[in-house]
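Once you have looked at the hints, place chains B, C and D on chain A.
Each chain, letter by letter, is given below.
There are 4 protein chains.
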Amino acid sequence: MNSFGSRFRVHIFGESHGKCSGVCIDGCPPGIALSDIDFEGDLQRRRAGKKGTTQRVETDKPNIMSGLHDGYTTGAPIVIVFDNSDTRSGDYSQFKEIPRPGHADFVSLEKYKGFADYRGGGHFSGRITVGLVAAGVIAKKIISPATVTANISDIGGSQKWDEIIEKCMATGDSVGGTIECVAQGAPVGWGEPFFDSVESLIAHIVFAIPAVKGIEFGAGFNAAQMTGSSHNDVFISSDGKTKTNNAGGINGGITNGNPIVFRVAVKPTASIAAAQQTINIRTGEMTALKTVGRHDCCIALRMPPVIEAAAAIALADLKLCAITA
Amino acid sequence: MNSFGSRFRVHIFGESHGKCSGVCIDGCPPGIALSDIDFEGDLQRRRAGKKGTTQRVETDKPNIMSGLHDGYTTGAPIVIVFDNSDTRSGDYSQFKEIPRPGHADFVSLEKYKGFADYRGGGHFSGRITVGLVAAGVIAKKIISPATVTANISDIGGSQKWDEIIEKCMATGDSVGGTIECVAQGAPVGWGEPFFDSVESLIAHIVFAIPAVKGIEFGAGFNAAQMTGSSHNDVFISSDGKTKTNNAGGINGGITNGNPIVFRVAVKPTASIAAAQQTINIRTGEMTALKTVGRHDCCIALRMPPVIEAAAAIALADLKLCAITA
Amino acid sequence: MNSFGSRFRVHIFGESHGKCSGVCIDGCPPGIALSDIDFEGDLQRRRAGKKGTTQRVETDKPNIMSGLHDGYTTGAPIVIVFDNSDTRSGDYSQFKEIPRPGHADFVSLEKYKGFADYRGGGHFSGRITVGLVAAGVIAKKIISPATVTANISDIGGSQKWDEIIEKCMATGDSVGGTIECVAQGAPVGWGEPFFDSVESLIAHIVFAIPAVKGIEFGAGFNAAQMTGSSHNDVFISSDGKTKTNNAGGINGGITNGNPIVFRVAVKPTASIAAAQQTINIRTGEMTALKTVGRHDCCIALRMPPVIEAAAAIALADLKLCAITA
Amino acid sequence: MNSFGSRFRVHIFGESHGKCSGVCIDGCPPGIALSDIDFEGDLQRRRAGKKGTTQRVETDKPNIMSGLHDGYTTGAPIVIVFDNSDTRSGDYSQFKEIPRPGHADFVSLEKYKGFADYRGGGHFSGRITVGLVAAGVIAKKIISPATVTANISDIGGSQKWDEIIEKCMATGDSVGGTIECVAQGAPVGWGEPFFDSVESLIAHIVFAIPAVKGIEFGAGFNAAQMTGSSHNDVFISSDGKTKTNNAGGINGGITNGNPIVFRVAVKPTASIAAAQQTINIRTGEMTALKTVGRHDCCIALRMPPVIEAAAAIALADLKLCAITA
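Residue numbers (this note's numbering), protein chains in the order written: chain A, -1 to 323; chain B, -1 to 323; chain C, -1 to 323; chain D, -1 to 323.
In short, the hints are calculated from the structure, not lab data. There may be inaccurate statements among the hints.
Copies of the same chain are indistinguishable here, so a pair counts whether it falls within one copy or spans any two.
Straight line, CA to CA, 25 Å or less: simulated SDA-like cross-link-like pairs of lysine to any residue [stated by the list, open to error]: (1) K241 with V290; (2) K17 with K139; (3) K165 with G291; (4) K94 with L32; (5) K94 with I234; (6) K239 with T145; (7) K241 with L287; (8) K288 with A46; (9) K139 with I321; (10) K48 with K165; (11) K239 with L287; (12) K158 with A168; (13) K94 with S227; (14) K288 with I234; (15) K139 with R45; (16) K241 with A272; (17) K241 with Q274; (18) K59 with D81; (19) K49 with A273; (20) K17 with S87; (21) K17 with S83; (22) K139 with C319; (23) K158 with S228; (24) K17 with N82; (25) K111 with S33; (26) K111 with D36; (27) K158 with N220.
Since we're looking at a predicted model, the values are computed, not measured.
Next comes chain A alone, as it looks inside the complex (with noise of 0.2 Å):
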């Protein structure tokens, strides 16, 4: 459902264009010093009005609700709100009956009975993550000195994006990217296998990121063409450090000491504006959509801070259930 975490857990909740998008974090160690400071820079680097990206451009002001007392967190719940302002719900009701291909209007309607939040993708939307990011500000802290870097590697399959993005602005079309997240300083341990091992946890929460299709550690996807002779990382020292790092930092589900490496495949946004062929599901007639509204032509652009914030998350989580007595 809506949390993720054993430890360290966080409830996501808002809509599109509701009142809010926000989170609830539960497990916080007591004694962090958090202010809203701490969550400018990766909201920013979240932030739309980029070329490339929609033109709903929010001032996402974090409103800390519970959980810190005097500069530092309590221990208790921590919720951060923030305000939906820059809104222009205008006429979505057509998508309950003639649902936009590529997107969750179909399922939606099919799976809340026509109850869900239908304005701007509701829950289903990239708007949601902002509360992602601000869980992610926090488990950074908690993982800290370890930290997490989410770079894009490139967009449409080249590293040209520039000219890439402006071609699909010029044509009203979209297109996807590829991000890729590092993790240095992870100490040896972390990872709880059988069922939560390292990659199984960051490959959960990653994918509940919309637009996500595809996830791979290390040497990933190339690993299942290679031999053992040459995938096999060879240790260079008694602390654990490789030579290589096909594995990705992570044996057996634990990490190894090495950076914790891996890759995301990010689709391109589903609203563009061409024409489509779509099916009226009231009538069941074929009908051309186009779908208007301001989106994002590249959403792969915002999405290092989200990769990075589900990393740390799953990170942090895993720290605290590998401490013991």
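For chains B, C and D alone, kept in the frame of chain A given last:
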């Protein structure tokens, strides 16, 4: 830890060279016909003995200890135990000082403070997947009439498996592979976003399987190179069927009624006959290590029923979660 | 931690003298009509202001932040926030050195390393139950047509409440009480033993309420003095109705179709005006402490709607768990 | 369902007259010395054969299937199986039509649609507690040097047990009893409020034990009759020790360093020799039923080690939860 699922719960236990491997299954509905014979097919597919797999061949006879009465599930937990019989522990104790590259030896030693059962990989061994396959047999009954089928796509990046495997066997090396899994017949509406998307749960359990390093749904990593106009799956009927299936049967984390399709990257087995450089973590000295013992040259060959089981378990859980008044 | 339930999940947050108290509710089915007015009755019953309760009177206006659209629940998480307005924090900081007898001051200081919000009891305050009552309002809708009703059985062991309360108020003392709760109309079959028996879940959530120190179902502690021939409830109809109800509507941890009946022991409020001996934990010296501030003379008076909410939440969770294909 | 705990997790399985009863324990730290002998004491205390208990006497030999290596726990799941040997199933099938008053027959039939194993109570039998006691043995090692001890307070409301039990045996009746449990040596700080208070977790697991109908902590139901000035436990030293212990060692849901004290009400066994009126739920006709078979006249006599185990399991979980960096 060693549990997966919220409504259909699987608890894994056992070791490679201990008494047994097995599984405790909770949340199985009452009234499902079940007998030893039901397990034969998938266990046989997983069993070693074929070219490219280990010479350790277990009988894999399921011993159903509880939860079954008069040939039907009762609604109480089902425990299934598989005795280990064909074990030759020999001297694994050296790996407590000299960890094998690519193995869990090093992280296990650190995390479990030297107390882990190191024989044959202990609880980290692929042997543990026998319980997963057993749980998968029951999960397949729960999701019926939906079905799950996995097949090898390629070994070592090539369709010419025989050749590649023979070459690896001759050189004492190992090789990876790719598995594709398709679930047919799932209705619209399985999946519990935000966090428990279909992709999230399947990826979570699939990454618990030893040697898995990547997963992608539908167009997957290719989607990152596509435009929205080519990626969006156009509707062709009012029950949600689409012309293409780039989404892999999942929108917004919820099944859309089209086949669920995903691919898994399996790395080469870490155990190889060739000498590899490693470090004696007690003395800090470099040393060469040859891994003797019986091992799979290509573990991917035995993985299709394991991947099927993992997918079926995740889908059974989501099916039971999706049932409402 | 701060979450309860598996299908109907309640996450509690907030502090006595912080910005707010509130609740995040996950797993609420879509399509339930809900508005601010629905909360008025139970919140009013819980509100202070009557004789024997604190003079801190909050408006308790529910601010529904998410999960509601066009007057109906959407299936997404519902967050309800109650602002704190009538707070007078004064000087609570002395309790960091001189813990009040019977209070959570001492354990909180130790567990949260001095970072807990101590003002008004912080996250330990009975103020937090406002969110529980709000969740209970929704839970009551889910279990409908079953109903839950709680009433005061006695105050200070006596039916003459008024007299006892006036005496306590006059002496600056406090007093305990007993609450009885009855759930009518639950069908046969709610409860998930072995561990998630109806008694287990109700007791779990009821003991989360500050000041509760005992619970008994049906004949309860009297049952320990009875013989089987007098305790067994004889069936009087084929739908499971029984002549007596010593079982309190529960056999084997599962509802049997008769009214669910339980009683709760509420201890006297720890805060009293009289001077009490305590220890300065920094200096180790004995000292006398008078608790000033506004407090409930008899918190039990405000508990019936809180107990009802707790029972309704547990039953809503069990109802949703009991729904199968 | 059949799992309890978040860090120290216990999964129960088995049936009264099936192959076995047992337990799967996850989250046990590595490096704890463990052997068959460790289980003897508590299993012997729970075992039948004494006056007032059933004549079905099981050998209760623990078969440790996994998670143990060279005499120490490994950190992997520990499965312990107890074979059922002394079973006489006879004809229990009549209870599918004619439910025994006070038993789970009726609710089980309804909930599990006739598929539950009805022999000897199946998964509802007190037999299942043998696995709980086994898990308790390990839990006691985890909480050490803290200890848990339970004793019978009274049988049938009287200290003259022998007399009461002999009378019940002579008339084929049964009788209830009260157990008191004390945990010594728990430090300040166990317990995870709001929802996972010490009382909440202990009550949750204790109410899973068949026949328990009430629990109270410290002064318990007596507290409801007290004033704050008499109930508050005055501090006598700076480590939190108090003069009285009306709180039962718990403030605000957290251990305060004083002994944890609680009492449990155990109802009389439902199975009695005397004829009782019941209903044939198929025909709707009233009928008299005598319960033949071997039963405990006073199940409370066998409960102290079961209550100890339950308390130890809850405390072990809370201890592991309380460990932080």
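Against the structure, the hints come out as follows:
| no. | hint | result |
| --- | --- | --- |
| 1 | K241 with V290 | between (52 Å within a copy, 23 Å between copies) |
| 2 | K17 with K139 | between (28 Å within a copy, 24 Å between copies) |
| 3 | K165 with G291 | within (19 Å within a copy, 57 Å between copies) |
| 4 | K94 with L32 | between (42 Å within a copy, 22 Å between copies) |
| 5 | K94 with I234 | between (59 Å within a copy, 17 Å between copies) |
| 6 | K239 with T145 | within (17 Å within a copy, 43 Å between copies) |
| 7 | K241 with L287 | between (54 Å within a copy, 16 Å between copies) |
| 8 | K288 with A46 | within (22 Å within a copy, 54 Å between copies) |
| 9 | K139 with I321 | both (16 Å within a copy, 19 Å between copies) |
| 10 | K48 with K165 | within (15 Å within a copy, 52 Å between copies) |
| 11 | K239 with L287 | between (55 Å within a copy, 17 Å between copies) |
| 12 | K158 with A168 | within (16 Å within a copy, 45 Å between copies) |
| 13 | K94 with S227 | between (55 Å within a copy, 21 Å between copies) |
| 14 | K288 with I234 | between (57 Å within a copy, 17 Å between copies) |
| 15 | K139 with R45 | within (21 Å within a copy, 39 Å between copies) |
| 16 | K241 with A272 | between (49 Å within a copy, 18 Å between copies) |
| 17 | K241 with Q274 | between (50 Å within a copy, 12 Å between copies) |
| 18 | K59 with D81 | both (8 Å within a copy, 19 Å between copies) |
| 19 | K49 with A273 | within (23 Å within a copy, 53 Å between copies) |
| 20 | K17 with S87 | within (12 Å within a copy, 30 Å between copies) |
| 21 | K17 with S83 | both (8 Å within a copy, 21 Å between copies) |
| 22 | K139 with C319 | both (16 Å within a copy, 20 Å between copies) |
| 23 | K158 with S228 | between (32 Å within a copy, 20 Å between copies) |
| 24 | K17 with N82 | both (6 Å within a copy, 20 Å between copies) |
| 25 | K111 with S33 | between (41 Å within a copy, 20 Å between copies) |
| 26 | K111 with D36 | between (40 Å within a copy, 23 Å between copies) |
| 27 | K158 with N220 | both (24 Å within a copy, 17 Å between copies) |
The structure shown violates none of the earlier numbered hints.
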